[in-house]
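Starting from the known structure of chain A, fit chain B onto it as the hints suggest.
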Amino acid sequence: MSSDEIMKLDPLIHAPIRLSVLSVLMTVQSADFAYLKKSTQATDGNLSTHLSKLEAAGYISMTKRFEGKKPKTHCAITPQGRARFIQYIESLQAIVDKQKGLS
Amino acid sequence: MAASQAEQNLSMIREMIEKTRRDTTQSGHFFLAMGCITLAGTVGLHLLERSGFQKWVLPTVVLMAASNAVLGFLIGLRERNGLKSYTKTLFWQTWMACGVSALLVTFLFPRAGLYPVSAVPALASLLMGIGLFLSGALTELTFLKWGGAVWWVGACLMAATGGNANFWVMVAVLVLGWILPGILLNRLQRKGRTP
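In order, the protein sequence lines correspond to chains A and B. Just so we're aligned, residue 493 is where the first sequence starts under our numbering, counting upward by one. Just so we're aligned, residue 300 is where the second sequence starts under our numbering, counting upward by one.
Since the hints were derived computationally from the structure, they do not count as laboratory data. Among these hints, one or two may not hold up.
[Unchecked claim] DSS-like cross-link-like pairs, simulated, lysine-lysine; straight-line CA separation at most 27 Å:
no., chain 1, residue 1, chain 2, residue 2
1, B, Lys-383, A, Lys-561
2, A, Lys-564, B, Lys-383
3, A, Lys-530, B, Lys-354
4, B, Lys-383, A, Lys-556
Same shape as in the complex, but just chain A (with noise of 0.2 Å):
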């Protein structure tokens, strides 16, 4: 990608991981953490951190909750993050448009 793309595009969704991860939330009310890393194919560590980077942005919400006596760790994209992705989407959409145009 030119640079001038690569500067349009969320680098906070732009990761693989974190961009699964908001795909998954975009079509659910809420997904466990489990779900998440089955999908995603992450490692416990590795997809705490996307998490983490992706809350701290406001693009996601995370509520622990005990269920039994497991915690569990649910998490739902928020108004913000929503926007951000769809915006992120139009993005993607564009290069290709363009890429279309031009051939």
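Leaving out everything else, chain B in the frame of chain A:
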């Protein structure tokens, strides 16, 4: 280069969304299990009535209702996969509302003298029709809506005919309005269609 990576990312996003939606799809186990239990219970009730064991009719109805409630709860637990969606939540709450209403219609109101026991199958069928129709609306599956219509037609036939004919109407409605939608839902889930 830029376009190919963008296309790759877009296709990855599409794939993740499709997979997640597939994971939130309702299976047909709920309808299949409830349909089979209610069908067995209906046949049992018919046989009890025909052979003069009237005193076993009420315990059989109670057993059937309890089995359905427990099974519905267990299936709900089993189908939890870490995802929460509005469709899924509303689906289960719709059936909880219909289940509670069906219990009142079957056990409480006839005992309170609001209507005769013979009216119970028709009234309960109306509630099942509402549940199935709403399930169809929530999951955007037309055949579930038609299943709801089958229950409403069945309710009308039961109200019009009564007596022994009610048994056959109920059997037909259970097969067409519950077991068949359950089979179709399972088939859709296996194929991976998203509602």
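Status of the hints after comparison with the structure:
no., hint, verdict
1, B:Lys-383 - A:Lys-561, "holds, 20 Å"
2, A:Lys-564 - B:Lys-383, "holds, 13 Å"
3, A:Lys-530 - B:Lys-354, "violated, 53 Å"
4, B:Lys-383 - A:Lys-556, "holds, 15 Å"
When the structure is compared with the earlier hints, a violation turns up for hint 3 alone.
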